[in-house]
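A.B. asks: The whole structure should be built from the sequences, with the hints applied where relevant.
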Amino acid sequence: MELFFNPFDNLVCILLGISFTVWFTLLLVFIIVPAIFGVSFGIRRLYMKTLLKIFEWATLRIERGAKEKNHLLYKPYSNAIIAREPTSLEEEIKEIRRSGSNKDLDAAPEFEMSDIFYFARRGVESIMDDEVTKRFSAEELESWNLLTRSNYNFHYISLRLTVLWGLGLLIRYGFLLPLRVTLAFTGVGLLVFLTSVVGLLPNGRMKNFLSEKVHLMCYRICVRALTAIITYHDSENKPKNGGICVANHTSPIDVIILASDGCYAMVGQIHGGLMGVIQRSMVKACPHVWFERSEVKDRHLVAKRLSDHVEDKSKLPILIFPEGTCINNTSVMMFKKGSFEIGATVYPVAIKYDPRFGDAFWNSSKFGMVNYLLRMMSSWAIVCSVWYLPPMSREEGEDAVQFANRVKAAIARQGGLVDLLWDGGLKRGKVKDTFKEEQQKLYSKMLLRLSWDFP
Amino acid sequence: MGSRASTLLREEEIEEIKKETGFSHSQITRLYSRFTSLDKGENGTLSREDFQRIPELAINPLGDRIINAFFPEGEDQVNFRGFMRTLAHFRPIEDNEKSKNPTASEPLNSRTNKLLFAFRLYDLDRDDKISRDELLQVLRMMVGVNISDEQLGSIADRTIQEADTNGDNSISFNEFIKVLEKVDVEQKMSIRFLH
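Residue numbers (the UniProt record's numbering), protein chains in the order written: chain A, 1 to 455; chain B, 1 to 195.
Be aware that a few hints might be false.
[To be verified] In silico DSS-like pairs for lysine-lysine, Cα to Cα no more than 25 angstroms straight-line:
| id | chain 1 | residue 1 | chain 2 | residue 2 |
| --- | --- | --- | --- | --- |
| 1 | A | K284 | A | K240 |
| 2 | B | K40 | A | K366 |
| 3 | A | K337 | A | K304 |
| 4 | A | K134 | A | K366 |
| 5 | A | K297 | A | K337 |
| 6 | B | K19 | A | K67 |
| 7 | A | K337 | A | K313 |
| 8 | A | K297 | A | K441 |
| 9 | A | K441 | B | K188 |
| 10 | B | K18 | A | K67 |
| 11 | A | K337 | A | K238 |
| 12 | B | K188 | B | K19 |
| 13 | A | K53 | A | K67 |
| 14 | A | K240 | A | K315 |
| 15 | A | K427 | B | K40 |
| 16 | B | K182 | A | K94 |
| 17 | A | K94 | B | K178 |
| 18 | A | K297 | A | K240 |
| 19 | A | K297 | A | K207 |
| 20 | A | K240 | A | K304 |
| 21 | A | K430 | A | K134 |
| 22 | B | K188 | A | K94 |
| 23 | A | K94 | A | K313 |
| 24 | A | K441 | A | K430 |
| 25 | B | K188 | B | K129 |
| 26 | A | K53 | A | K315 |
| 27 | A | K213 | A | K134 |
| 28 | A | K445 | B | K188 |
| 29 | A | K134 | B | K40 |
| 30 | A | K436 | B | K182 |
| 31 | A | K207 | A | K134 |
| 32 | A | K427 | A | K445 |
| 33 | A | K94 | A | K441 |
| 34 | A | K352 | A | K240 |
| 35 | A | K134 | A | K432 |
| 36 | B | K18 | A | K430 |
| 37 | A | K432 | B | K40 |
| 38 | A | K336 | A | K445 |
| 39 | A | K240 | A | K213 |
Hint data in this document are derived by calculation from the structure and do not stem from the laboratory.
C.D. replies: This is the structure:
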């Protein structure tokens, strides 16, 4: 019996050995070596084109299936459901009053019972559709991308489509996910190891040079770990030393995307666990700005450390996400003014993800970090565009808030995102009463018919 | 996320809601998606907190009153039917509806029902009369701290004086309708859908 198994065992061992070797060689040649040198074979772009064709076919099949059953498809509308006129409080109430009386407006009484119509309608409009709450959940797609998590019409799927979907599931979880997880571990492991090694060198040009190379290489491996297909535009505007790079925030992957194309000094709070290990080793190789939890509350301390960093021209540009939280990549929300008060040159960057291949938005109330990363690694790909916008500085007579809004408008315009004044903090917190008080003040002015200098 | 929305709403339900409210099929599915995205507890009903989470509603001076209009007497939860029934008041009046069978029950978005919605925003205790106190309360909500009690009181008095025809120092629904008979209620209390 033993003799029977031995040669068989040997054969299995040999086969396994060969396949592992082949696997790792392919990995090395096609993924890791290009990552080190920053070149690309173009495999990912080919993959992207193939996927798009398949998605279009899938959508057509679903539409055909729905038509056969004579049902209406659920079509998500990315634009508004209702028509909202941008008229002001004063204009609208005047209009309501005008329609109700033939008297001259100046002689009309200050209050009309019909004034309530304005508030009632605005209130119900916001119940039907508002600009803020929909930014904190994933964007809905018009075509189906063969991920169950984004399909709303799955009772129209034919057999062929189900087979395709099953195949897709197999490929994603059986082949892509293990590959990506391996790469991710390799990338992170190398980052920690090599930055610690570089950290042992004395400060100087050699250290900076090596640190740059190490960081870029490891981030590029991570980019391949996510199958991220990134298009960089206007690279001549890339951030320079002594500047601050600001970008819109959709997910923690934003950092990897930007850092694989240039070197930045990261800003953030020191975490425990694996994150903390990575942070501590990164700072050995080049100066990042990490804060203790207690220091984060002290705004002056934060501002001082950031301005010290930007003044030292040998240090890398700082990367900051002024929204303070992840938004779903359909809009840009209020920028916190802290980074705009420092007085350094601001390099705005717009990041726009293509939602057809995988939704990059991190809904932190729904998914934890690990769950999110697994979802990312089991999507088809992460496709995005990065635009480096020309640098901006604060102008004469402009305060930090106006400057922040100007930068935000530029980023929104370039990325094709909606520019909102609302605070991203509304994801978790309540809206401030000052906004309600503003409305009340406006209405009071109408009642008392005072001039616009009402305090 | 509203992702499973349209598949949870059965065709029969959609038909019933269509008959009751007059919304179209696509409008109903769209609003159902909105309902589920507001329903954070995922139990098929909305509570007052779910509404208050909408920032634009929270800053509306009459926000709380509007939210109240969705909840029937003494209840804390509203289901999708109730949600749609209240929203139906704001559906625009179409021309072909005006010539409908006059003996059929009045549609939810008729001029009278729109005015009733507004009336109920004033009439907090639902006794079918707007008293001086109720009027003052609503005025106070709309102006905040910017107008003194005396001024507000005189505004309220003047309004009641003009509207009150039977001398009971409060405004009944019929008096309310009379005061607003020239106002273009159909347009001002309607929300137009884009699809």
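A.B. asks: Compare the structure with each hint and give your call.
C.D. replies: Hints, verified against the model:
no.	hint	result
1	K284(A) with K240(A)	holds, 21 angstroms
2	K40(B) with K366(A)	holds, 11 angstroms
3	K337(A) with K304(A)	holds, 14 angstroms
4	K134(A) with K366(A)	holds, 14 angstroms
5	K297(A) with K337(A)	holds, 15 angstroms
6	K19(B) with K67(A)	holds, 24 angstroms
7	K337(A) with K313(A)	holds, 23 angstroms
8	K297(A) with K441(A)	violated, 33 angstroms
9	K441(A) with K188(B)	holds, 22 angstroms
10	K18(B) with K67(A)	holds, 21 angstroms
11	K337(A) with K238(A)	holds, 22 angstroms
12	K188(B) with K19(B)	holds, 24 angstroms
13	K53(A) with K67(A)	holds, 21 angstroms
14	K240(A) with K315(A)	holds, 10 angstroms
15	K427(A) with K40(B)	holds, 13 angstroms
16	K182(B) with K94(A)	holds, 14 angstroms
17	K94(A) with K178(B)	holds, 20 angstroms
18	K297(A) with K240(A)	violated, 28 angstroms
19	K297(A) with K207(A)	violated, 33 angstroms
20	K240(A) with K304(A)	holds, 20 angstroms
21	K430(A) with K134(A)	holds, 16 angstroms
22	K188(B) with K94(A)	holds, 12 angstroms
23	K94(A) with K313(A)	violated, 57 angstroms
24	K441(A) with K430(A)	holds, 21 angstroms
25	K188(B) with K129(B)	holds, 23 angstroms
26	K53(A) with K315(A)	violated, 45 angstroms
27	K213(A) with K134(A)	violated, 40 angstroms
28	K445(A) with K188(B)	holds, 22 angstroms
29	K134(A) with K40(B)	holds, 13 angstroms
30	K436(A) with K182(B)	violated, 30 angstroms
31	K207(A) with K134(A)	violated, 46 angstroms
32	K427(A) with K445(A)	violated, 32 angstroms
33	K94(A) with K441(A)	holds, 16 angstroms
34	K352(A) with K240(A)	holds, 22 angstroms
35	K134(A) with K432(A)	holds, 19 angstroms
36	K18(B) with K430(A)	violated, 35 angstroms
37	K432(A) with K40(B)	holds, 21 angstroms
38	K336(A) with K445(A)	violated, 31 angstroms
39	K240(A) with K213(A)	holds, 17 angstroms
Of the numbered hints stated above, those contradicted by the structure are hints 8, 18, 19, 23, 26, 27, 30, 31, 32, 36 and 38, listed in ascending order.
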